[in-house]
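Let the hints inform the model, and build the full structure from the sequences given.
Mapping the sequence shown onto the UniProt record's numbering, position 216 (from 1) lands on 216, and the numbers just tick up by one.
It is worth saying that the hints were derived from the structure and are not from the lab. This one's a predicted model, so the numbers in the text were calculated from it and none came from an experiment. Do not rely on the hints blindly, as some may be mistaken.
Using 30 Å as the maximum straight-line C-alpha spacing, the simulated DSSO-like pairs for lysine-lysine come out as follows [stated by the list, open to error]:
id, residue 1, residue 2
1, 195, 153
2, 195, 183
3, 242, 320
4, 153, 242
5, 153, 320
6, 242, 195
Computed spacing ranges between beta-carbons, pair by pair [said to hold, decoys possible]:
id, residue 1, residue 2, range
7, 39, 7, 32 to 40 Å
8, 293, 241, 46 to 54 Å
9, 90, 328, 21 to 29 Å
10, 332, 5, 47 to 55 Å
Idealized CB from N, CA, C, for every residue including glycine.
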Amino acid sequence: MSKRRISIQDIARRAGVSHSTVSRALRDNSVISPKVREEIKQLAREMNYVPNAIAQSLLSSRTNTIGVVVTSIADPFFAEVVEGIEQVARSAGLSVVLSASHRDVEEEIAAINNFNRRRVDGILVADSRTGKQHMKQLAQIAMPTVLINSQSKEQSQMFHSVEIDDRLGGKLAVEHLVSLGHKRIGYLGVGDHSKSNQQRLEGYRMALSEANLSPMSVVVAISDEYNIRASDVATGQQMLPKLVTAGVTGIFCYNDMVAVGALLACQELGISVPQDLSLVGFDGIALSGYVTPPLTTICQPMLEIGCSAMQMLLDLLQEKTVENRVLSPFLVQRGSSAALLPKVPKQYLI
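Right under this line is the structure:
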């Protein structure tokens, strides 16, 4: 049988003072003398008093909690972003509560509304699908909200944001492959028409244009009629053969999980990476360094994204002026990309 929680009234009875005196002393109210404050705090420690968080939040109008909406709790990308969020939140004495939207805008709005009802102090939303058409549904959200890598092409000015420069990332990936001598370069994308997919594809095309190369005609995974995004690994496995048939020697993949799927397909087809085909991923998740061969990838500074978004939210809570941030990705070259080797004529092969 559990022990009864020690209350402020219990401390007041032991100290021989009113419960309001104990309450003020524990909150360091200057009305109570420093000597009495310290005596009451010492007594509270001896009695193992634990403050009632709900009661404190009612007094302060703060719950010291932050709501975070991600597309999937299992996604390795968001694991590191959330780590950055928690680092900053912890140092500020705040707790983080997670919810998943599964890339569904209605589930995302439901999660935001749920956090609003729970009176969290602020909300962070990753990969938001909400746009101007949803503003009526979100107009009741009166708490600070920051979007991380918003996927809406018509993002509302209602919220602040931290995002990655996806076009630059796409350019860096293709420029790397071009520097290795590749001329037939494909893009292996996903089928959900997300802003990041569109902008990475734009970066791909920009880099090819600057190199006076033509984009491959078969480059992007085609979405189904309901615009539902399947498993990224499965997308990489299914689409890789189409690009190989088109004669590519290098492929820029939408993200590292798509690239992992492409690697699996290469193994099934007997294609050597990077001898026969070079692959470049995007994100820089930990897994990308452990596959065989390790993936060359465009790294997002995931920890920094999380830290920046959380710091922005703290600044908003303190009513400071903040500006939206766009962070730059960077190339990490590993074993999945290499210089294009000239084809040896068959008559010279033994």
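So, going through the hints one by one against the coordinates:
| no. | hint | result |
| --- | --- | --- |
| 1 | 195 with 153 | 6 Å, holds |
| 2 | 195 with 183 | 26 Å, holds |
| 3 | 242 with 320 | 51 Å, violated |
| 4 | 153 with 242 | 29 Å, holds |
| 5 | 153 with 320 | 27 Å, holds |
| 6 | 242 with 195 | 24 Å, holds |
| 7 | 39 with 7: 32 to 40 Å | 18 Å, violated |
| 8 | 293 with 241: 46 to 54 Å | 20 Å, violated |
| 9 | 90 with 328: 21 to 29 Å | 27 Å, holds |
| 10 | 332 with 5: 47 to 55 Å | 51 Å, holds |
Checked against the numbered hints above, the structure violates hints 3, 7, 8; every other hint is satisfied.
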